[in-house]
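The hints should help you fit chain B onto chain A, whose structure is shown.
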Amino acid sequence: MAISTSTPPDGAPGTAAPDGTGSGAERQRRSTLLHRLDVRGAPYAFVAPFFVVFAAFSFYPLIYTSWISLHRVELSTLNVMEWVGFDNYTALWEDDRFWNALLNTFTIGVLSTVPQLLMALGLAHLLNYQLRGSTFFRVAALTPYATSVGAAALVFTMLFERDFGMINWMLGLVGIDNIDFENNKWAAQTAISTIVIWRWTGYNALLYLAAMQAIPRDRYEAAAIDGASRWQQFLKVTVPGIRSTIVFTIVLSTIGATQLFGEPLIFGQGPNGITGGADNQYQTLGLLLYEEGWKNYQMGRAATVAWAMFLLLIVLFVVQRVVKRVLARRA
Amino acid sequence: MGKARKKLRTRAVAAVSVVSALGLVVGCGGSDSGGTGGGKKDGKTTITMGLFGVMGFKETGLLDKYMKEHPDVVIKADVAGDEQTYYTALQTHLAAGSGLKDIQGIEIGRAKELSDTQKDKFVDLAGAAGTDHFLPWKQSQVTTDDKKVIGLGTDIGPMAVCYRKDLFEQAGLPTDREEVAKLWEGDWSKYVEAGKKFKKNSKDDKVAFMDSSSGLFNAMIYGNSQQFYDKQGKLIYETNPVVKDAWKLASEAATSDLTAKLRQFQPGWDPGLANSTFASTVCPAWMLAHISEKAGPKNKGKWDVAKAPKGANWGGSFLGVMDKSPVKKEAQDLVAWLTAPEQQAYLFEKIGNFPSSQKALEMPEVVDAKSDYFSGAPIGQIFGAAAKEIPDEQVLGRKDGTIKDIFSQGLTLIEAQNKSPNEAWKTTDKRIEKAAG
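Those sequence lines, one after another, are chains A and B. When we follow full-length UniProt numbering, the leftmost residue of the first sequence carries the number 1, and every step to the right adds one. When we follow full-length UniProt numbering, the leftmost residue of the second sequence carries the number 1, and every step to the right adds one.
Looking at chain A on its own, in the form it has when it is part of the complex (with noise of 0.2 Å):
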């Protein structure tokens, strides 16, 4: 659209039309027309679908939600809306529940985040080595993140299975007894981030890879000479030099955790797996955003556990945006 520029004169050479009627003007015109639509035009024709996508598939249902949140309304009965005001809010806020759910969203998240950025920093590391074979670990390391959560969390519920998994199994082998793994707060816990750890290690290790080969080999050849073991060198070199990565999979792992939903839902399975356990003990945000839109049947409530979501991933924006802003001062 460079050629926009220099606008061909598209009548005869010379001036006004013989015959006086003024056609040549006004066909110059209307393509001028034409034209300038064309260029000014074009650029927002290409990018409409996403906009129309996003307001059909983002923006609507963020107003429709926020409205619905407004209201007690049932799914069966879409139609009949009764408007509450700030009440289902307000409930939100007093119902221990939600604040169980947050808590557990918040422990499920370290519990599956911190191992999984450190094992896939690891991981990195030992492929960026000169390795034969390297293609192969790599995409090995991806495959765990080409399985479906639903794949992954039914196997994994059969390997934690508590009379017969094998987990226990092995367990008893060395003499421990049988762990009632969904049963116990911590164990279903632990169970549920083992899944989201196997699935996501080799994505982040791949994403740490690509960065530190964009480290200059110079680096470390200098930090060799002068004397920087292997351990040395990943920490004053390969770290530092990668640390905007590192930000990025962190926040990328906390909106994950934050919407932590398929893993915990397959391990209780039934209607266990909607309450998040008996007790509600590895119930997170998304699955009593569930509970209350799918068991419930409360759509107004369970838009409102959907807005409380939102907003949290907003502040915990926020907040990255702070810290990222006094770590850069700091440097």
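Bear in mind the hints are in silico, worked out from the structure with no lab data behind them. Computed from a predicted model, the values in this text were never measured in an experiment. Where is the CB? At the ideal position from N, CA and C, for every residue including glycine. Mixed in with the good hints there might be a few duds.
On the chain B side, residues computed to face chain A include the following (Cβ under 7 Å) [said to hold, decoys possible]:
1. Asp82
2. Thr88
3. Gln91
4. Ala95
5. Thr117
6. Pro267
7. Gly268
8. Pro271
9. Ala416
10. Gln417
11. Ala435
Simulated crosslink set (EDC-like; lysine to aspartate or glutamate; CA at most 20 Å straight-line) [to be verified]:
12. Lys359/B / Asp132/B
13. Lys206/B / Glu161/A
14. Lys434/B / Glu94/A
Showing chain B alone in chain A's frame:
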């Protein structure tokens, strides 16, 4: 010339992108507002069904049989394993008005809610030809206030106690089904007493007397006409002595360590059946198929069925036809055929789903039925007798299914989380208020 073509191309691309973007939006709003998946094409009628659990139509080849008899009909049945998942999807589809099947299964725990809130979306089956053979209370469960019938009955769930002869024997309890029934005749608390005896004398402490306390709880409340709701639709579970007694006895079983701390139809229960971790379970007729499948051939002949202390009805389903269906007539014919006495008797013979049709109950296939897997127990007689004890009026409530789940979880709190019965009741109470209030 080159410039002109380029211009034309950009314009075309822009137009296409705008049109396709609009198309996306329109496509989401407009289509799929009427269909239920079925329809007529090239002289073939396609009927779609949404089912759950082991309703048996697909599994026993009944649908194939129907298609053979009606070569112009194609039936596509989707079977969801878990009823909760199934019902959630059904609710969502009903609310959205799309994604429904021509025929939808209805579980008894959802019957009241559907007939209260969704009756317009179902075809009225009242007085449909050849459908006057059901037990009197069965159709009343899906009849709306204005006498509309939104489904036809499939099975009912008269209850008995399924037990392991070999495990009873090693714990010094009788094994003959008549004598076993005498152990707890007339009173569920005697069942718990028998359990205590079992626990005391059992040589294998890895085997529990029963699978879960919630099974016992269900059996006790379903023997009465009013459970969680009264006839006016008011919640009465807090004061209903039936619920209180059942809670008391079930939590006694839980705190006395008589249960394997499993939840029926949840993870661990199936392997429990296969590996014999419990000696008895309260079983409605339809559970027999599940037990024989999951406990497997190696346990064949070890199981038996004894009469329960008191007749009760747990479960039973219905088939409804969606009003939106383009093949309403054909779907109704299919539903009438599937719920006809002959088919109900056939299903009972095949997988033990007990007929809700009075006519079927008198057929020799049902009366004389014996189960090979369960040591040749005369299940036709045992469940038939239990069916006669089921109260003629059963008051259903809107959130019966959900409340039952919440009670099961409350009992799990005692059983597996070591909460006191009092504390667990308080939690249960609060949850019901949230779910049904």
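Going through the hints against the structure:
| no. | hint | result |
| --- | --- | --- |
| 1 | Asp82 | holds, 6 Å |
| 2 | Thr88 | holds, 5 Å |
| 3 | Gln91 | holds, 5 Å |
| 4 | Ala95 | holds, 5 Å |
| 5 | Thr117 | holds, 5 Å |
| 6 | Pro267 | holds, 5 Å |
| 7 | Gly268 | holds, 6 Å |
| 8 | Pro271 | holds, 5 Å |
| 9 | Ala416 | holds, 4 Å |
| 10 | Gln417 | holds, 5 Å |
| 11 | Ala435 | holds, 5 Å |
| 12 | Lys359/B / Asp132/B | holds, 10 Å |
| 13 | Lys206/B / Glu161/A | holds, 16 Å |
| 14 | Lys434/B / Glu94/A | holds, 13 Å |
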